[in-house]
Amino acid sequence: MLSEVEIKEIQEEIKQYPYPAVACIDALKIVQHHRGWVSDDSVKDIAELLNISNEEVDSVATFYSRIYRKPVGRNVILICDSVSCMIMGYESLYQYISRKLGISFGGTTPDGRFTLLPVSCLGDCDNAPAMMINYDHYNRLTSEKIEELLERYK
Amino acid sequence: MERPLTQHIKPGSDAYNLKEYKQVGGYSALTKSLKRMAPSDITNLVKASNLLGRGGAGFPTGVKWSLVPMYGDTSKPKYLVCNADEMEPGTFKDRYLLEGNPHQLIEGMIISAYAIQAEKAYIFLRWAYKKAEAGLRKAIDEAYKAGYLGKNILGSGFNLDLHVHSSAGRYICGEETALLNSLEGKRAVPRTKPPFPAISGLFGRPTVVNNVETLSCISHIVENGEDWFKGLSLTSTGGTKLFGVSGKVKNPGTWELPLGITMRELLEEHAGGMSPGHKFRGALPGGASTDFLIEEHLDVKMDFSTVAAAGSRLGTGTMIILDDKTCPVAFVHNVEKFFALESCGWCTPCREGLPWVEKMLASIEEGTGKMEYLELLSFNAKYFGPGNTFCAHAPGAAEPLQSGLKYFHDDFVKHITDKKCPWR
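Quick mapping for you: the protein sequence lines, in order, are chains A and B. For the first sequence, our numbering gives the first residue as 1, with consecutive numbering after it. For the second sequence, our numbering gives the first residue as 1001, with consecutive numbering after it.
What the hints contain is simulated information worked out from the structure, not anything from laboratory work. All values reported here derive from a predicted model rather than from experimental measurement. Treat the hints with care, as some may be off.
[Said to hold, decoys possible] Restricting the straight-line Cα-Cα distance to at most 20 Å, the calculated cross-link-like pairs of lysine to aspartate or glutamate (DMTMM-like) are:
#1 B:Lys1186 - A:Glu55
#2 B:Lys1131 - B:Asp1141
#3 A:Lys15 - B:Glu1119
#4 B:Lys1186 - A:Asp58
#5 B:Lys1186 - A:Asp40
#6 B:Lys1130 - A:Glu13
#7 B:Lys1406 - B:Glu1296
#8 B:Lys1370 - B:Asp1323
#9 B:Lys1186 - A:Glu13
#10 B:Lys1359 - A:Glu91
#11 B:Lys1138 - A:Asp58
#12 B:Lys1186 - A:Glu48
#13 B:Lys1131 - B:Glu1226
#14 B:Lys1325 - B:Glu1223
#15 B:Lys1035 - B:Glu1119
#16 A:Lys15 - B:Asp1418
#17 A:Lys44 - A:Glu4
#18 B:Lys1382 - B:Glu1366
#19 B:Lys1248 - A:Glu91
#20 B:Lys1130 - A:Asp136
#21 B:Lys1138 - A:Glu9
#22 B:Lys1250 - B:Glu1265
#23 B:Lys1420 - A:Glu91
#24 B:Lys1131 - A:Asp136
#25 B:Lys1047 - B:Glu1226
#26 B:Lys1186 - A:Glu56
#27 B:Lys1186 - A:Glu12
#28 A:Lys100 - A:Asp111
Based on the provided sequences and hints, a complete structural model is requested.
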């Protein structure tokens, strides 16, 4: 069941558009913001609220990279693997984080603290290599800097 | 040198709020537009200024606007959409404008919406641009309170609502018809053209989609006129351009410069030349979907027609530099992997061809590639070309592939014959 807050936030978005189904992506983002990911039950609840089929909501949810249909850790690390960051050495940073946390791309630490994912260009190419942790941007990364950053996310 | 778009952006400090923006002449172009100009006057002015779209395709902005139906009951509602989904690898120019001067974009959008008589506008914003989102929301709020947005703007009778839609991530959302599907809450699959969005766009209504940088030019054109705008560039195209450089250079960054400066000036004077110990081998001049240019092209003028004449595209004007310490095969593989991953899957050459290309390139890079792959790669690049696919995604992917195969042919061959990457 969607919470009152979620329903209220989704209804605010619906007002911006001619009919409720248009707010599908906004609704998915709102639910994910509150729960970390989008479960089958949430898909059903959103479909009901927007008056469209579950399949339609799921087709949208699975299309977009930043909607998670599986549970993720409390913090999501997104490492940019696009070309400018490759030139500037994202691969060694990935290996450093991967070794440190004991997980590869797609993995979540057993304590649920971190999920590690690749991400396409973050638009920070002049400060490469770049990554995000949750919604915070970090750039000009080195392994020392990452060591310190990871400590901030519990 | 005039830098109208970035003159009020101070890296490291906050963007101007409404009061500060007004103190430097902000919203006076809007007042002029609404009080002294008819919508068609603005469209004609933008046409005459020779402003070409800054999102990558370089389509004349005034011509795009002039396709929107202006008369009769059937012409409403209409929409204006700002494409702020900047996601092309190597591109980071719109972020600078969004974070640095949101009111400049908002003012440009209100004037543009007035020109096409749209009463609802959306900013389709890249999901990752959280700082830009917060700045835009604050600026929009200020603009509503000051009466620049909402009903009867400045007593003109013109109404406009502006809403920010933050995306959920996919490169294809930057393709304007895919963007419209995404804004309608659907999968971002491109639509058939024609009909063009100016006739049937968002919710089947006349819609103009313009890039952030394009819309940020509008208030300056209204304020200073077409001749001033044309005079900003070194070529016949109007205006300045936000250029960027990334890769192994001393001073990577983004700068507003006249259209028509050379690649060499951009690389050497602004980006400070190559990093110590690194040599220039080539560059994608306008983002990941543009053809490589090499040393012999360094004196090419950075403008739409001149870069096209050299065999590439100006694209977004943000160069990615390939240096001699980076493997060109790995570079091309990285770019093609991106395009394969970001394909929406709608049409066959793109859905099937790109992963095939990606696998062959990975194999060559790992030392297990075969000579026949080179022909197969060229074959694919050819069939990704314009006319064979539904949208410009696969043609974009073909550009670095075909030019990479051409300019770095010997490197590809060496990977195959030596059965390893010489850079690893």
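Comparing the hints with the structure gives:
The straight-line distance between the Cα atoms of Lys1186 (chain B) and Glu55 (chain A) is roughly 12 Å, inside the 20 Å bound, and the hint therefore holds. With a C-alpha separation of about 16 Å, the suggested pairing of Lys1131 (chain B) with Asp1141 (chain B) holds against the 20 Å cut-off. Distance check on the hinted pair: Lys15 (chain A) and Glu1119 (chain B) sit about 15 Å apart at the alpha-carbon level, within 20 Å; holds. Between Lys1186 (chain B) and Asp58 (chain A), the direct Cα distance comes to roughly 11 Å. Compliance with the 20 Å bound is thereby established for this hinted pair.
Proposed proximity of Lys1186 (chain B) and Asp40 (chain A) is supported: the alpha carbons are some 18 Å apart, at most 20 Å. At most 20 Å may separate the alpha-carbon atoms for a hinted pair to count; Lys1130 (chain B) and Glu13 (chain A) meet this at roughly 18 Å. For the hint linking Lys1406 (chain B) to Glu1296 (chain B), the alpha-carbon distance of about 14 Å falls within 20 Å, and the restraint holds. Proposed proximity of Lys1370 (chain B) and Asp1323 (chain B) is contradicted: the alpha carbons are some 25 Å apart, above 20 Å.
Distance hint between Lys1186 (chain B) and Glu13 (chain A) is fulfilled; the C-alpha atoms sit about 15 Å from each other, no more than 20 Å. At roughly 19 Å between alpha-carbon atoms, Lys1359 (chain B) and Glu91 (chain A) fall within 20 Å of each other, so this suggested pair holds. For the suggested pair Lys1138 (chain B) and Asp58 (chain A), the alpha carbons sit about 33 Å apart, so the restraint of at most 20 Å is broken. Pair hint Lys1186 (chain B) plus Glu48 (chain A) holds up; C-alpha atoms about 16 Å apart against a cutoff of 20 Å.
Distance hint between Lys1131 (chain B) and Glu1226 (chain B) is unfulfilled; the C-alpha atoms sit about 33 Å from each other, more than 20 Å. With a C-alpha separation of about 48 Å, the suggested pair Lys1325 (chain B) and Glu1223 (chain B) falls outside the 20 Å cut-off, and the hint is violated. For a cut-off of 20 Å, the pair hint linking Lys1035 (chain B) to Glu1119 (chain B) stands: about 17 Å separates their Cα positions. Pair hint Lys15 (chain A) plus Asp1418 (chain B) does not hold up; C-alpha atoms about 62 Å apart against a cutoff of 20 Å.
The suggested pairing of Lys44 (chain A) with Glu4 (chain A) holds, with an alpha-carbon distance near 16 Å, which does not exceed 20 Å. In summary, the hint linking Lys1382 (chain B) to Glu1366 (chain B) is not supported, as the alpha carbons are separated by about 24 Å, beyond the 20 Å threshold. Taking the CA atoms of Lys1248 (chain B) and Glu91 (chain A), the gap is about 16 Å. The hint holds against a cut of 20 Å. For the hint pairing Lys1130 (chain B) with Asp136 (chain A), the CA-to-CA distance comes to about 8 Å; that is within 20 Å, so the pair holds.
For the given pair, Lys1138 (chain B) sits about 18 Å from Glu9 (chain A) by alpha-carbon distance, which is consistent with the 20 Å threshold. Distance restraint check for Lys1250 (chain B) and Glu1265 (chain B): the Cα-Cα separation of roughly 14 Å lies within the 20 Å cut-off, and the hinted pair is therefore satisfied. For the given pair, Lys1420 (chain B) sits about 18 Å from Glu91 (chain A) by alpha-carbon distance, which is consistent with the 20 Å threshold. The hinted pair formed by Lys1131 (chain B) and Asp136 (chain A) meets the criterion: a straight-line CA distance of about 9 Å does not exceed 20 Å.
Only pairs whose Cα atoms come within 20 Å are accepted, and Lys1047 (chain B) paired with Glu1226 (chain B) is accepted, the gap being roughly 9 Å. A hinted pair counts as satisfied when its Cα atoms are at most 20 Å apart, and Lys1186 (chain B) with Glu56 (chain A) qualifies at roughly 8 Å. With a CA separation close to 19 Å, the supplied pair Lys1186 (chain B) and Glu12 (chain A) stays within the 20 Å bound. A hinted pair counts as satisfied when its Cα atoms are at most 20 Å apart, and Lys100 (chain A) with Asp111 (chain A) qualifies at roughly 14 Å.
The structure fails to meet hints 8, 11, 13, 14, 16, 18 from the earlier list, while all remaining hints are met.
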